[in-house]
Every structure is written in C-alpha cells, then in structure tokens.
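2 protein chains.
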Amino acid sequence: MEKVGKQTIKFNTPPSIVECASIVGPKEAEGPLAKYFDKTLEDEFWGEKTWEKAESKIIKETVNTVIQKAGISASEIDCMFAGDLLNQCISSSFGLRELNIPFFGVFGACSTFVESLSLGAICTESFANKVICATSSHFCSAEKQFRFPLELGNQRPPTSQWTVTGSGSAILSKDGTGPYITHITPGKIIDMGIKDGNNMGAAMAPSFADTLITHFSDTGRTPNYYDAIISGDLGYIGKDIAIDLLKANGYNIKTNYNDCGVLIFDKENQDTHSGGSGCACCGTVFSGYFFKQLKEKKIKKLLLIATGALMNSTSSQQGESIPGIAHAVSIEI
Amino acid sequence: MEKVGKQTIKFNTPPSIVECASIVGPKEAEGPLAKYFDKTLEDEFWGEKTWEKAESKIIKETVNTVIQKAGISASEIDCMFAGDLLNQCISSSFGLRELNIPFFGVFGACSTFVESLSLGAICTESFANKVICATSSHFCSAEKQFRFPLELGNQRPPTSQWTVTGSGSAILSKDGTGPYITHITPGKIIDMGIKDGNNMGAAMAPSFADTLITHFSDTGRTPNYYDAIISGDLGYIGKDIAIDLLKANGYNIKTNYNDCGVLIFDKENQDTHSGGSGCACCGTVFSGYFFKQLKEKKIKKLLLIATGALMNSTSSQQGESIPGIAHAVSIEI
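So the sequences go chain by chain: A and B.
Here the first sequence is numbered in the working numbering, starting from 36 and rising by one per residue.
Here the second sequence is numbered in the working numbering, starting from 36 and rising by one per residue.
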C-alpha cells in the first residue's frame, strides 16, 4: 500500500470483502431494508435479561454467522477489529470473548465500522490472510446511557435520530473475488462547536465533508466516479447539510449520495424523525444491503463514509461541544 | 512484516521509536520514577474546572511535547492512535481534536498504549512515515466513573490499585536509530471468571500469561532472551500470579520480570496497596523510564506487555466477570 495525497492510502493488492453478515432488531425488521438482513429479532432482549447482554449476544451471533457463511473456521482468522457505543465497548469485549482470536478494540463512535474496515484492510494487505471487522449498537442501551431512561417516555425533538439495534460484520481476505477495498481515507477530528446532543447530524456533517473533499483531492476523483457515495448516519438533517457543504466547495453530490440512516427506516411510518444512527446503522446497511448490491454488480464503485460523534454524557454536561470524525473506504468490484 | 507462529507479527524493516514524552500527576511526582517524566503536575486539575478536562489537557500537552522533542511539525505525522479509560474515550477525542491529524481511536482499557504501539508499528512499516501513539488516565476521573465518588472517602481493599494520573506518548518512524519494534504479539480476550472489580491484577494475569507464553512459542525465544519483561499494570498481586502461571507452564520469569504498577509508586510510603494501574501506568513508565533505559543501552531487549480489564461498571452490576487482554511488543536496540 502507499499513501496518496494528504491522508489517503491506496492498496496495491486490494483486500477482498469475502463475506458479510447482519442481525437487526424488531424496528429495523419493519423498515424498508428488512429482507436484506440475515436475521431479524422479534424483541429487544433476545432471551437475555438486560439490553447490554442482548447487544453482546447480537454481535456474537453476527460474527458467528459471518464465519459460518464464509465456510471457514475461527482459527483461520488472524485478528479481529471491533467496537461499539457502550461505555468501555463492553458489547464487543463480552460478545467476542469466547472466539479465541487476537482482538483489537477500536472506538470511533458511529464511525467504528469503517474504522475497523480500514485497519482490517491495512492488516490484510500487510500480514493477515483473514481479518474480521464488527460493530454493534442497541437503541435501548444507547438511550439509557446517552440520554434518558426509556421508562420516562421523553419526547424526541425532530432533529433526533433513532439508534439502530443490530450488528454488522465483514471478513476481509488476501484472496477472494471482490468487492475490493481499493482506498481508505481516515478522517481527522473536526469540531465546529455544535453542542446539541439531539442534533448529531449537524455535529458530524462537517467531518463527513472534510473527509470526502480530502478523498477527492487525494485521489483526483470526482463525485461521478462513484455509483454511490454513502454516509453512515448523518440522517435527513445531516444529509442536507452535507450536500450544502460539498456544494459550497464546488462538488455536486446530490445525484449519487445517500445515507444509511435515511435508508434503514421509513420516515413517514416509523416515527424515527431525522433517521437512523449508531454504529450498527452503517454496519448493518453495508453488510446487509450494499454488500449484496456490490456482489450482484448493481453497484460497482461505492464510497462508504461512516461518521462518528466523539462525545459522552459527561462532556455534554460539562458544556463541551461535539467533535465529529468520518472515515472513508472505497469499495470496488 | 510477516506472521510467525500463531499470533506474532515480525517486522522486516522494524519501525523506530524516535521520541517519547510523559506528563504525570502529583502523586506520581512523589514516586520513585519522578525524575524520569517530562513534567509533573502540582495538583489534579492543572487549572481546569473538571478532572475530565484536566485529563484531556494532559494528553494534549503530552502529545505536543513529544512532537516538540522530536523536532518535527504535526503535519509530518501520517496518523495517530489514541485511547483512554473515560467513557467513549473523551480524553483522547477532546484532547487531540485540534491536531488536524488522521485519528484512529482505540480501546483496550489499560492495554491501550501497547495496542496503539502495535497498530502504529503496522502502519509505519506499511505506509506511514511517522505515527503518534498516545494514552492517558486520571485517578480522580477513573474513581468517579468506575467506583465511588471520591468525596465519600471509601476504604480501598488491599487488592485495589491506584489509577495513574498522566499520559504517555511515542512517535514511531520509518527512519531513526532505534529502539526498534521488532515483533508484536496481539492478545486474545481471556476471561477466567474473576468478578472482583477491586482485584484487577487477578483478572488480567491470565491474559498476560497467555500472550507471553504464545510470544515465546511463536518466536522460539525464552525468558532469558530479554533483559526485561515488563507488564503494564498487574500490580503486586497480579505480578505474583503471573510468575506462578508462567512457572506452571515451564517458564521462569522471576529474575527479569517486573510490572509498571509496581515500579511507579513506593508501596510502603504512598498507600497505593497493590500498585499503580490505568492506561497511563504503562504509558508513562515506558515513555518516561524504559525509553531512556533503551536509549542509554542499559536495557537492550525489552518485552512490554500491557494488560487491560475489558469491563465497565454496568457489566459488574449485572454480575458479569472481567475479561482481560494483553498485547506484547518486543523493543530492541
């Protein structure tokens, strides 16, 4: 691999995404992408006593599913990248503790899935035969941790997003027939001073714009190079801001740009306001929907840019703004 | 680089650790290693209003210091790995948000420093010229988050450890005169069922033993190959368990093995019970003390194994055990 431009890495022998798996919760099971997921759950607990334990079970079973679908054994995996939204990433640690695979914990908030794919791709080109990348989030555990007890029945402002319950996982390999990870553009932390924890799209859109503009400038590509440019979870409001920010910088992405948070729920009928969010938003929509579109050659060139809000409830209580980050991965057949 | 054995990576053009920096709090400033740190603070706040903001300032200034000491500009750094113990790793995100460097957030609890060095080394051999690795922890923010409000004045059991206040940071480079990272052995998650959150040494010692035994087996090395084998923060109790576990597997590490948590405080006079802990324990003791020992050739072959407890307060309240992880990095001149 080699660095091109300011912050993009180009792979000389691009790693192949050989298999993906996704499991989602009951609300996602009623959304427009339901049929693309490997498994949809009937309730948020899946037989566990707490939401945290349920989230751990979801990531565990998603990783088991992707290993099974790839027809390999866990011992063939060289290492694993995973992270989630729970404090100290316990969903990943507890869910994946029995796998017996070298483990790198990552935290990029909702950008975690693409952060994992990026580091996994670096490892695959450099020393690993196979790497697993995984992430999860859970509406109930996230609301409880970041906002209010669900039992309060708080009103949600129109700018708020709905954390996706689910997990997405991918296996990267030196061998395989694609789709291939050809470039990554890791993002910088961008903080434009947004303080509204119920408007994550606005907080993260500037980091999306920064990474995307840098990717174009580093690679010499333009928006129309890609069949689809997909952000992780900017939602409806963040998506509009992103289009405006790109336009102000001379790029028109209106025709081929969309957002996983916009795609996963039906805005009119599911009461999800600005759309989906959470690590699993990008994780499940890519693993469930876009991976299949690439395999079936309906999309040939995809730029996936997951966005994360790097805050916690303490930082908000202490008056801090919300730093954003966005990592991009170029996936081509 | 290439994989050797089950889970070790050997570097063919080993990255050089070109510079390190460390800043510590007032208690560490009274410990036996005080003179080795770049800066020691007079109080836990350093002019900030909260412990969390102070911790962010500590990691920020440590990273600024290492860049300054290396005589380079921030724009020469290709990417950065950092993480900490605060929920959603806010010390790193907030402390490093102004640096304008591509950022990979990592979470390995107290193993974070060596996790960062490991991923940093992979990037340095494969595409990067220079990478920064950093971590922090803070006694007050950690106690508040993981245990009890400090104002309660709770008694600490004899098995408990004292979270180090401070930050350690290193710059890796393709060029340089060493010390060099020659091998890494990333660890698996190991959970032996320990549930006592006040006995982290016992929870983490099995993962230390697993990674160390695997490192020996993968590389064909024996304990006496190294001038020093150093764990991150097993403390006095975990250190004894580790020696026993290695002995039971046929390895005698008693003569050249020590622990950063044992070294950083004076057990008799500082009331730190089982010793130091926290991401900054390994981070500051390596960056402050061992890096200088290597530069001065007093130690020529060091195996640094940082250990982490992958739990949070919710998992403990829900009756879960404490999964451990340990990552090893072989550093040689």
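Rather than coming from a laboratory, the hints here were simulated on the basis of the structure.
The reader is advised that the hints may include incorrect statements.
Heads up, the list lumps identical chains together, so a pair's fine if it works in one copy or across two of them.
[Said to hold, decoys possible] Calculated pairs, DSS-like style, for lysine-lysine (alpha carbon to alpha carbon, straight line, at most 30 Å): (1) Lys332 <-> Lys84; (2) Lys41 <-> Lys209; (3) Lys41 <-> Lys302; (4) Lys179 <-> Lys230; (5) Lys230 <-> Lys330; (6) Lys84 <-> Lys335; (7) Lys38 <-> Lys104; (8) Lys45 <-> Lys209; (9) Lys332 <-> Lys230; (10) Lys335 <-> Lys289; (11) Lys70 <-> Lys335; (12) Lys41 <-> Lys84; (13) Lys209 <-> Lys38; (14) Lys209 <-> Lys302; (15) Lys84 <-> Lys179; (16) Lys45 <-> Lys302; (17) Lys70 <-> Lys45.
Treat the numbers as computed from the prediction; the structure is a model and nothing was measured.
Results for each hint:
In this homomeric assembly, Lys332 and Lys84 never come within 30 Å of each other (Cα to Cα): the closest approach is 42 Å inside a single copy and 55 Å across copies. Both within a single protomer and between protomers do Lys41 and Lys209 lie at most 30 Å apart by alpha-carbon distance, with minima of 26 Å and 18 Å respectively. Proximity of Lys41 and Lys302 under a CA criterion of 30 Å is satisfied in neither setting, with 38 Å inside one chain copy and 48 Å between copies. Proximity of Lys179 and Lys230 under a CA criterion of 30 Å is satisfied in both settings, with 20 Å inside one chain copy and 24 Å between copies.
Proximity of Lys230 and Lys330 under a CA criterion of 30 Å is satisfied in neither setting, with 40 Å inside one chain copy and 45 Å between copies. Proximity of Lys84 to Lys335 under the C-alpha cut-off of 30 Å is found in neither arrangement, the shortest distances being 43 Å within a copy and 52 Å between copies. In this assembly of identical chains, Lys38 and Lys104 lie within 30 Å of each other by CA distance solely across copies; the values are 25 Å between and 33 Å within a copy. In this assembly of identical chains, Lys45 and Lys209 lie within 30 Å of each other by CA distance both inside one copy and across copies; the values are 15 Å within and 18 Å between.
Taking the closest pair of Cα atoms, Lys332 and Lys230 never come within 30 Å of each other, the shortest separation being 41 Å inside a single copy and 50 Å across copies. With identical chains, the CA atoms of Lys335 and Lys289 are at most 30 Å apart within one copy only, with a shortest distance of 18 Å there and 58 Å across copies. For the identical chains of this complex, Lys70 and Lys335 are intra-copy neighbours only, at 21 Å inside a copy versus 58 Å across copies, given an alpha-carbon limit of 30 Å. Neither within a single protomer nor between protomers do Lys41 and Lys84 lie at most 30 Å apart by alpha-carbon distance, with minima of 48 Å and 36 Å respectively.
Taking the shortest alpha-carbon separations for Lys209 and Lys38, both the intra-copy value of 20 Å and the inter-copy value of 14 Å come in at or below 30 Å. In this assembly of identical chains, the alpha carbons of Lys209 and Lys302 never lie at most 30 Å apart, being 40 Å within a copy and 50 Å across copies at closest. In this homomeric assembly, Lys84 and Lys179 come within 30 Å of each other (Cα to Cα) both inside a single copy, at 15 Å, and across copies, at 27 Å. In this assembly of identical chains, Lys45 and Lys302 lie within 30 Å of each other by CA distance neither inside one copy nor across copies; the values are 37 Å within and 51 Å between.
For the homomeric pair Lys70 and Lys45, neither the shortest alpha-carbon distance inside one copy (34 Å) nor that between copies (44 Å) is at most 30 Å.
Hints 1, 3, 5, 6, 9, 12, 14, 16 and 17 from the list above are not met by this structure, while the remaining hints are.
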